[in-house]
Each structure stands twice: as C-alpha cells, then as structure tokens.
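Quick mapping for you: the protein sequence lines, in order, are chains A and B.
Going by the UniProt record's numbering, 65 is the number at position 65 of the first sequence; the sequence numbering is gapless.
Going by the UniProt record's numbering, 69 is the number at position 69 of the second sequence; the sequence numbering is gapless.
I should point out that these hints are in silico values taken from the structure, not numbers from a laboratory.
Just so you know, not all the hints are guaranteed correct.
Remember, identical chains collapse to one label, so a pair may be satisfied in a single copy or spanning two.
Claimed, not checked - List of simulated lysine to any residue pairs, SDA-like, C-alpha gap at most 25 Å:
#: 1; residue 1: K76; residue 2: N121
#: 2; residue 1: K182; residue 2: S12
#: 3; residue 1: K167; residue 2: T232
#: 4; residue 1: K76; residue 2: H130
#: 5; residue 1: K231; residue 2: N141
#: 6; residue 1: K132; residue 2: P84
#: 7; residue 1: K167; residue 2: D152
#: 8; residue 1: K224; residue 2: G191
#: 9; residue 1: K132; residue 2: L82
#: 10; residue 1: K132; residue 2: D91
#: 11; residue 1: K132; residue 2: N80
#: 12; residue 1: K76; residue 2: V131
#: 13; residue 1: K218; residue 2: Q177
#: 14; residue 1: K77; residue 2: L209
#: 15; residue 1: K93; residue 2: R50
#: 16; residue 1: K132; residue 2: N74
#: 17; residue 1: K36; residue 2: P84
#: 18; residue 1: K182; residue 2: Y127
#: 19; residue 1: K231; residue 2: G85
#: 20; residue 1: K182; residue 2: N241
#: 21; residue 1: K36; residue 2: L24
#: 22; residue 1: K107; residue 2: L193
#: 23; residue 1: K76; residue 2: N180
#: 24; residue 1: K132; residue 2: A78
It should be emphasised that the depicted structure is a prediction, and the values quoted were computed from it without experimental measurement.
Number of protein chains: 2
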Amino acid sequence: MRYLAIISYDGSNYSGYQIQPNQLTIQAVIEAALTKMHKGEPVKITASGRTDAGVHAYGQVIHFDSELDIPESNWKKALNSLLPGDIVVLDVKQVSENFHARFDAIKKTYIYTILNSADANPFEINYCAHVKERLNVDLMNQALQDLIGEHDFTAFCAANSYVKGDKIRTIYHASCQRVNNKVVFSVTGNGFLYNMVRIIVGTLIEIGLGQRPATDIKRIIESKDRTQAGKTAPPQGLYLNAVEYDLN
Amino acid sequence: MRYLAIISYDGSNYSGYQIQPNQLTIQAVIEAALTKMHKGEPVKITASGRTDAGVHAYGQVIHFDSELDIPESNWKKALNSLLPGDIVVLDVKQVSENFHARFDAIKKTYIYTILNSADANPFEINYCAHVKERLNVDLMNQALQDLIGEHDFTAFCAANSYVKGDKIRTIYHASCQRVNNKVVFSVTGNGFLYNMVRIIVGTLIEIGLGQRPATDIKRIIESKDRTQAGKTAPPQGLYLNAVEYDLN
Chain A
1 MRYLAIISYD
11 GSNYSGYQIQ
21 PNQLTIQAVI
31 EAALTKMHKG
41 EPVKITASGR
51 TDAGVHAYGQ
61 VIHFDSELDI
71 PESNWKKALN
81 SLLPGDIVVL
91 DVKQVSENFH
101 ARFDAIKKTY
111 IYTILNSADA
121 NPFEINYCAH
131 VKERLNVDLM
141 NQALQDLIGE
151 HDFTAFCAAN
161 SYVKGDKIRT
171 IYHASCQRVN
181 NKVVFSVTGN
191 GFLYNMVRII
201 VGTLIEIGLG
211 QRPATDIKRI
221 IESKDRTQAG
231 KTAPPQGLYL
241 NAVEYDLN
Chain B
1 MRYLAIISYD
11 GSNYSGYQIQ
21 PNQLTIQAVI
31 EAALTKMHKG
41 EPVKITASGR
51 TDAGVHAYGQ
61 VIHFDSELDI
71 PESNWKKALN
81 SLLPGDIVVL
91 DVKQVSENFH
101 ARFDAIKKTY
111 IYTILNSADA
121 NPFEINYCAH
131 VKERLNVDLM
141 NQALQDLIGE
151 HDFTAFCAAN
161 SYVKGDKIRT
171 IYHASCQRVN
181 NKVVFSVTGN
191 GFLYNMVRII
201 VGTLIEIGLG
211 QRPATDIKRI
221 IESKDRTQAG
231 KTAPPQGLYL
241 NAVEYDLN
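Work out the full structure: start from the sequences and follow the hints.
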C-alpha cells in the first residue's frame, strides 16, 4: 500500500531535507522512524522536492510504501510518537500505488518571511531574513506582476545548478504584504528551479529598498543571466507552504 | 559610570542566565562582549534575576560599570555587533551609580505561553508548553483571583530552593487569555520565588483541564506545602517580560 503524508518541520537544526552521510537530515529522521515501525526493515520516502539546510516546511508532502495493516488515522499518531518535536506529521492518507510525491505535484506554494524592523529580534533569527531599512511593499508588489505567467527563469536559478530539462516554469501567484513588523512573500507555481524563490526574494528586497527599479524583473527574466538578478536571500526565511496534487 | 541595559534573548541554546563553568550562559556571553569592548578588561554584569535553562526574556534588565566614553545611543549598536543573534540589546541608559538591577526592581512581569491544540507545532517546541486537551480559560482566570495580593507563597516555591528571608510576595496582576491556538498567561508581582511562575502555571493547567477545582489556589497557598501545588511547567514557555524600577 502507498501512503501520502503531509509533514511540517522546523529546518533550523537540519542539514536540509535530503539524506547525506553523517548529517542530520529530515529524510533520514523520517526514514528511521518508519524503519522502526517496520521492525528494522528499511523504508524509503520520496518528497515533493528537497529543502535546503535551514529551510522550513508547513506542508511538505512525501510518499512511502508499507505492508503494515494500520488504519489511516493511526499512522499519524504512531509516526509522531517516534519523531522529534521539530518534525510533525499532520496527515497520512492511503493513495493509489501510482501516486508519486514529486512527479504528480501540480502546484507548490512557498512563503518567505522578512523581519523588517530597525531592531533585531532574538526569537526570529532562524525564522526570518532581517532587513533593517523600511521596505516599500507597494513597489515590491508592482515588480511581482512581471513574474506571473510562463517564463524561462534561467536568471533566477543558481548558476551552478544542474536542472534536468528546460528552465521554463509558470508562476500563478506572487504577492507580499506587511504583517506587523514583517513582510511576508507568497509565491505559487507549477515548479521552482534551484534557489529560485530565494533569488526572487533577494531581488525583491533590493527593489523594496529602492536599489533597483520595480521594472527590473522583466529585464532580468529576459537576460537569462543569473548575474543580473539580486543576491540569494538566506534560507531561514523560506517555508515550503503547500504542495497540490490532482488526486481525483 | 553605571549603565542599565534592557536585553531580550532566546534562551533555547543556553544553560540559563547565570554564569557556570563550561556552560554557555547569557551572562557569560554578555560579559565576554563587554570585556571585548573594554580591550580585555573584565566587566561584570548584574541582572534583575536569573532565568533558568530554556527560559526566555523580552525585557531582562542588567547593570554594569564602565569608564568608556561612549554616547548612550552607541552602546546598543556596539554591543549588538558583538553579541550573537539570539541575544539582543534593546536599550542602554546611563543611571546613577547607586542603581542596582536586582535590589531596585519594584515589579516584574512574566509571560507563560501554552500551545493548546491537538496537533503539535514543530516551530513552537522551544517557545511554548504544549497541552493537547482544551483548557478552560474562564476557570483559570477565576482561580487566579486568589493569587492576587500579599501571600506567603511557600507552596509555590521549589522545595529544594534556598530563599533568603521570607516567602511573602505581592501579586498585582494575574490573568490568562486565549490567542488563536495559544493560552497566554501573564503575572506581575513585586518578586517571585524560585520556580514560582512555573509552579503556578503547572497548577493552573490542571485547573484548566478540570483536574482540580478553581478554588484550589487559596487552599494551596494556605497549606504552605509544595506537594499540594501542581507540577512545575516546562521552562520553554516562560518569558521574563519586563522589570520595573522607580528611577525618578
């Protein structure tokens, strides 16, 4: 039987999602919990995509196979009792044996949180980027209009990354808003290139600070040149918010 | 010259406020930053009181002496540039040379945050206690009325603690309220015994769950017996919110 699980995690103490030798990773910890439930028989999980070191998830999706005869509702309880407190299973559902957490994802939403205040906040260092000067959110939202639609996002992809196939992606929604002393950015697309959200945010911050014109996104996309975009924003402000599937 | 500084810290990664050999403590880190500013000459700080391992502060107050000729406004900047991100100086003011951060404190306010939801939250494990069953906040507020005023709080003091003088303290304000999926407790008093807030909260949780009557606080105070009160709530929900002085 194949199961889908929705997972939330605080990435602060992990070397990212993907399993690596001698590193504490989200994948390794979840697989260890599942393997324990299967009395030592190794269980592999497949996620919708990796998250980097320090990046968080509100709704990461994974799938795994199991022959265990456990009611759906008990999976969540059993897994959470074996997982550390900074990784929480929100839901487990049985799915068709053809379901694939990565290949079947049709939309992903990321959130990026910026603490926008003169003072630092000791409670936010793992959870936000910090920008001291006031960001112009109107300019940022204006700039984001040029992100929406189908584009070749080569300029917003880490220069050293290996991407199978083209770098054309479709962005359905992108906006930011001020919430108290934070600026929260949200973006939904059919897929994202390596570091794409963090490069968008790094560029957006420069626009919000008046260091680039709001019209720059269009020019950068057309350049297909990573050096035209802004800095890569730090990982700790990034959250994989949700992954959507057409489960019919 | 004597200076007062208001400090906020995330206590998650520290073995408490007070300096201890071979431990990372708030006091040691702040003294190291000050000593660095004084070119290696040791500078000692005195706080309004200690906080335990894992306990946080929004507004801890310390004092220290310095002969450095720095404008008040530059102290904050200089210290924050030397401190790690999870300890932040919010303000530095010059005070009279008789000022004492502990002896002159006239009121302290603590906040205690409880995540009150069936599901755990991976982002809150260092910042809240977690109670899965729904707490009755009305009953808790009712119970808190008996805390207000001057009482001998022996029953709400860690049994093994050494307290100079009597255990009579005055509570000016105590209340709790539901904020989304959290219950936030706030208490102001002229002083607190060791573990007093955490024992109050532990008792209050049992009242909120219907495991004790709301009238129990009065009975427990009168008993002067630690074993009559509830469990000591965990440190990570506790925040030293503010310390008040009569600076005239």
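Hint check:
1. For a Cα distance limit of 25 Å, the shortest separation of K76 from N121 across copies, 14 Å, qualifies, whereas the shortest one inside one copy, 34 Å, does not.
2. In the homo-oligomer, the alpha carbons of K182 and S12 lie at most 25 Å apart both inside one protomer (19 Å) and across protomers (22 Å), since each shortest distance falls under that limit.
3. For the homomeric pair K167 and T232, the shortest alpha-carbon distance inside one copy (18 Å) is at most 25 Å, but the shortest distance between copies (55 Å) is not.
4. Proximity of K76 to H130 under the C-alpha cut-off of 25 Å is restricted to the inter-copy arrangement: shortest distance 17 Å between copies versus 35 Å within a copy.
5. In this assembly of identical chains, K231 and N141 lie within 25 Å of each other by CA distance solely inside one copy; the values are 18 Å within and 50 Å between copies.
6. Taking identical chains as interchangeable, the C-alpha atoms of K132 and P84 lie at most 25 Å apart only when they sit on different chains, with a minimum of 17 Å there against 34 Å within one chain.
7. For the identical chains of this complex, K167 and D152 are intra-copy neighbours only, at 5 Å inside a copy versus 70 Å across copies, given an alpha-carbon limit of 25 Å.
8. Within a single copy, K224 and G191 get their C-alpha atoms as close as 17 Å, which meets the 25 Å cut-off; across copies the closest is 63 Å, which misses it.
9. Taking CA atoms no more than 25 Å apart as the test, K132 paired with L82 passes between copies only; the shortest distance there is 17 Å, against 40 Å inside one copy.
10. In this assembly of identical chains, the alpha carbons of K132 and D91 lie at most 25 Å apart only when taken from different copies (17 Å versus 38 Å within one copy).
11. For the identical chains of this complex, K132 and N80 are inter-copy neighbours only, at 14 Å across copies versus 38 Å inside a copy, given an alpha-carbon limit of 25 Å.
12. Proximity of K76 to V131 under the C-alpha cut-off of 25 Å is restricted to the inter-copy arrangement: shortest distance 18 Å between copies versus 38 Å within a copy.
13. Only within a single protomer do K218 and Q177 lie at most 25 Å apart by alpha-carbon distance; the minimum there is 21 Å, versus 48 Å between protomers.
14. In this assembly of identical chains, the alpha carbons of K77 and L209 lie at most 25 Å apart only when taken from different copies (22 Å versus 46 Å within one copy).
15. Taking the shortest alpha-carbon separations for K93 and R50, only the intra-copy value of 21 Å comes in at or below 25 Å, while the best inter-copy value is 47 Å.
16. In this homomeric assembly, K132 and N74 come within 25 Å of each other (Cα to Cα) only across copies, at 17 Å, whereas the closest approach inside a single copy is 46 Å.
17. Within a single copy, K36 and P84 get their C-alpha atoms as close as 14 Å, which meets the 25 Å cut-off; across copies the closest is 38 Å, which misses it.
18. Both within a single protomer and between protomers do K182 and Y127 lie at most 25 Å apart by alpha-carbon distance, with minima of 11 Å and 19 Å respectively.
19. In this homomeric assembly, K231 and G85 come within 25 Å of each other (Cα to Cα) only across copies, at 21 Å, whereas the closest approach inside a single copy is 33 Å.
20. Taking identical chains as interchangeable, the C-alpha atoms of K182 and N241 lie at most 25 Å apart whether they share a chain (17 Å) or sit on different chains (21 Å).
21. Taking CA atoms no more than 25 Å apart as the test, K36 paired with L24 passes inside one copy only; the shortest distance there is 17 Å, against 34 Å between copies.
22. Taking the closest pair of Cα atoms, K107 and L193 come within 25 Å of each other only inside a single copy of the chain (13 Å); across copies the shortest separation is 54 Å, beyond that limit.
23. Within a single copy, K76 and N180 get their C-alpha atoms only as close as 34 Å, which misses the 25 Å cut-off; across copies the closest is 23 Å, which meets it.
24. Taking the shortest alpha-carbon separations for K132 and A78, only the inter-copy value of 16 Å comes in at or below 25 Å, while the best intra-copy value is 44 Å.
In summary, this structure violates none of the numbered hints.
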